[in-house]
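So the protein lines, in turn, are chains V and X. First residue of the first sequence? That's 1 in this note's numbering, and the numbers climb one at a time after it. First residue of the second sequence? That's 1 in this note's numbering, and the numbers climb one at a time after it.
Everything labelled a hint here was simulated from the structure, so no lab data went into it. There could be a bad hint or two in this list.
Claimed, not checked - Here are the simulated DMTMM-like cross-link-like pairs (lysine to aspartate or glutamate), alpha carbons at most 25 Å apart as the crow flies:
1) X:K316 with V:D291
2) V:K315 with X:E287
3) V:K35 with V:D15
Said to hold, decoys possible - Okay, the calculated bits of chain V under chain X, using three or more residues with CB under 8 Å as the criterion:
4) 20-31
5) 178-192
Glycine included, every Cβ here is placed at the ideal spot set by N, Cα and C.
2 protein chains.
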Amino acid sequence: MRRDVSDFSNRLDIDKLSELLDIPEHRITGALKRKTLQYVRLNPELFRFDKPVSTIEGGTSVFIDTYDVVRGFPKISRTLMLDPALRQHFSSCQKVAVEEKMNGYNTRIALVGDAVFALTRGGFVCPYTTEKARLLIPMGFFSDHPDLVLCGEMVGPDSPYVPKSFYGVESLEFFAFDVREKLTGKPMPVMKRRELLDGYGIKSVRFFGEFDVDKAHLGIPRIIRELGSSMHEGVVIKDPDMVVAPVKYTSSESNCSDLEYAFEFYNDYGRDFFFGRVCREAFQAVEWNEDDESLEKRCLQLGKSILLPMIQTIKKRKAGERIAEDVRIRVQSLDTVTAFEEYLGILGVDAVFGEPEKVGDEYLVRIRKMYKSTSDKTASILNGGMWS
Amino acid sequence: MRRDVSDFSNRLDIDKLSELLDIPEHRITGALKRKTLQYVRLNPELFRFDKPVSTIEGGTSVFIDTYDVVRGFPKISRTLMLDPALRQHFSSCQKVAVEEKMNGYNTRIALVGDAVFALTRGGFVCPYTTEKARLLIPMGFFSDHPDLVLCGEMVGPDSPYVPKSFYGVESLEFFAFDVREKLTGKPMPVMKRRELLDGYGIKSVRFFGEFDVDKAHLGIPRIIRELGSSMHEGVVIKDPDMVVAPVKYTSSESNCSDLEYAFEFYNDYGRDFFFGRVCREAFQAVEWNEDDESLEKRCLQLGKSILLPMIQTIKKRKAGERIAEDVRIRVQSLDTVTAFEEYLGILGVDAVFGEPEKVGDEYLVRIRKMYKSTSDKTASILNGGMWS
C-alpha cells in the first residue's frame, strides 16, 4: 500500500521524457495510466517506474525539477548450479571476475541538480540513506563525474532495512559494486571501476580475483564455503568488461538465515520467498555431491531455519506481544528522522519511532517495525480461529 | 488445462435448474458465461460447478439426462491448535464425535437415473471409481435410499490418485464418512449414519468415540500420535448431530509425507501447499509444548521431507530420466481402462498407460503420470539455465 502516490501526471513533461529515455510517448502515457510510472510526493519530487516499461528498468527515477534520470538497477540472474551455468552464460568471455555479494540494501547514489541523493532499489529517495551517502562519499567524485551513478550495498547495524552486525561496520557503510551512466545505465568494466573508486577513497565490495570461465565453478565453491562460515551472503560473477550480464550465487548459510528472518514474520512474507530458497539448497546439495552426513546436517539446518523462528513468534504472541522487528538509525540531523518517518509512511510501513538518544555528536533512534499480518494471523489461531 | 469442456450451455434447462437449486436464473447464466458452471463431455453428460456459486458448493454436478443433482462435498475447516479451537467452534454442542480422516481421495457415490456413479471432489464422474463403487456398494442401499449420497474415501494401492498401501487394503476400498441428501447436501447424524451403513455391510471410517467438547483437546493428541506412528493422516471432529460443521486436524507424519510427495514434483505443486504444512508443524509444536529434543527431531524430519525427495528428483533427471509417478488401476472390464484414459485426457493429466496384465479375473494396468513442469525446470537448471 503506497499512500500519497497519486495522480500528478500533469507535472510530467512527457515530450521531454520520451526524448530522454528514447521510448515512444504512448508508452509513457500508458505507464502513467496504469500507475506503473508513479508520482512520489517527497522532496525532491520525482516519478518512478514501479515495473519495467519498454527498455526502462523498474526502479528508474525521473526528478522533475531538473529532469535528472537515474536508471533502475537491473535484476541479476541467479544460478543454482555453477556448472555448466557459468560456462554457458559467459561463453563469450575468457575470464570472469568474482566479487562479494553483501547482505544489506541496494543503493544508488547520484548527483541531482547540485545535491547528492541516495535511491533505494525501488527508485525512492531515502532521506536516511541520503544523509549517510553525503557523509560517506566525497563530493569530489560527483564534481568530476556528474553523469555517473554509484551502485552499491549499504551495510551495517544501523540499517533500518537489513541490519547486520557481522561486517565489522560500526554504523552504516557503503560498498560499491557498480558504476553506471546515470541516463543510460551503462556499466563500467570491473577493474576500471574499482581503481576509479579507490582513487576517491570510496570502498568497493571484496574482490576474489579473476577466474578462467572454464574453471570458475571449481574455485567458487571454496569461496562460498568460506563466506558461508561467517554468515556472509555469496558472490556475484561478472564479465570483467561488463558486457555480459552478471550472475549471482549464494551460500546455504545465507539462504537459511533469510528463511529464519522470513519465518519470524511468516504471514507478511511471500510464499515464493520460501520456495526459491528451498530449491537453492537442493540443487547445491546435488552439485556438491554431498554424503549422508552432510545431507542430514543440511536438512536439520533447513528445518530449524523454518520452524524455530515461527515457533518463537507463536510463543511471543501467546505471551501477548505484538510481532515486530527492532531496527535503529543513527543520524546527525533530527530533520532526517522526521523525513525518514514520513518516507516510511509513504511506503506503507507501520513503524513506531522511539525518542532520539544523543550518542556522541549523533542521534540514535530506535524504530519498531510492526508486522500486523503475522500478529493478527497468529492471534487468530491462538484464539481458536481456523487456518482456513 | 481442461480440454473438451466447452460451450454447450444451450443443453442446460436453466429454468429447471434454477428451481431445483433454488437460486436465481441470472446466477446460473452468469456462472455459465464465466465457465464456473462447465459442461463435461463424458458419459453420462453433466454440468459441474468449478467453484461455489451462491449457496451451491464447488464440485456440485448436474446430470442433464435425468436432472439428478449431486451437491458438492463441503470444504472442511482445519484447526492448527485443538485448544481453544474446539471449545469455541463446537460451543453449541455437548459432545464431539471423532472419526479417522483417511488419506485417499474424496468420493461421492450416487444413483443417477437407474445406475450408480462415483464422483470425484471436483464433480467429475470417474469411470474407474465408478466400476469400483458398483462392485463395493450393494445396490440395495440405493434401491432403499435413492435420494442419498454416500460420501467417503477411496483408499488403497490401486488408487490412481493417492496410492497408499498401509491401510491393509488389497486393491481399493471405500470407507464412508458421510451420508447426505443428494439435492440439498443435508448430512445425517453420525451414529445414525454409521448404523445405517453397517446394516448394508458398507464400511465406515474408524470411529474413535465421543468426547466432551471441553475435554476433546486432551484426548485427541493421543489418537493423533497413534495414527501418525503408522503414517495415518488424522481425524475429523464432528458435531454428532452434524448441525455444526466438522473440523479436521492432522498428524505431523502425514504433513511431512505430503511434503515428501510434493517436493518430488516440486514445480508442479502450488507453493501454498508447502507453506500451509509448515505452519501446521509450528503450531503443533507449540500446542504440544515440545522440549528441545522433540523439536530437533521435528526440524530434521521437516528438512528431510523437503530436501531429500527434491534431491532424488534432481539426480534422476541428471541421469536422463523424466520425472513421473507410477500408479496402477485394477479393473474387471477393459472398457473401464479406455474410459479412464479419456477421462484423464479431459482433466489434462499427461499419463502413459501400460498394457493390461491379466491378474486372476481382473486386469492390472500400470500408469505413468508425467510431471512435465518439474522435468523441464530441473533439466533447464542442470543444463545451465538460470533460476530466474
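Exercise for the section: Closer than 8 Å, Cβ to Cβ, for at least three residues: run that test on the stretch 20-31 of chain V against chain X and report holds or violated. Expected result: This one is violated; 0 residues, fewer than the three required, reach chain X with a Cβ under 8 Å.
Exercise for the section: Verify the proposed pairing of K315 of chain V with E287 of chain X, using a straight-line Cα cut of 25 Å. Expected result: With a Cα-Cα distance of about 10 Å, the restraint between K315 of chain V and E287 of chain X holds, given a limit of 25 Å.
Exercise for the section: Compare the distance between the alpha carbons of K316 of chain X and D291 of chain V with 25 Å, and conclude whether the hinted pair is satisfied. Expected result: holds, 17 Å
Handout entry: Per-stretch coverage check for the stretch 178-192 of chain V, three Cβ contacts closer than 8 Å to chain X
Key = With 0 residues closer than 8 Å to chain X, the stretch 178-192 of chain V misses the three-residue bar; violated.
Exercise for the section: Sort out whether D15 of chain V lies within 25 Å of K35 of chain V, counting only the CA atoms. Expected result: Roughly 18 Å separates the two Cα atoms, so the pair holds.
In this structure, the earlier hints numbered 4, 5 are contradicted, and the remaining ones agree with it.
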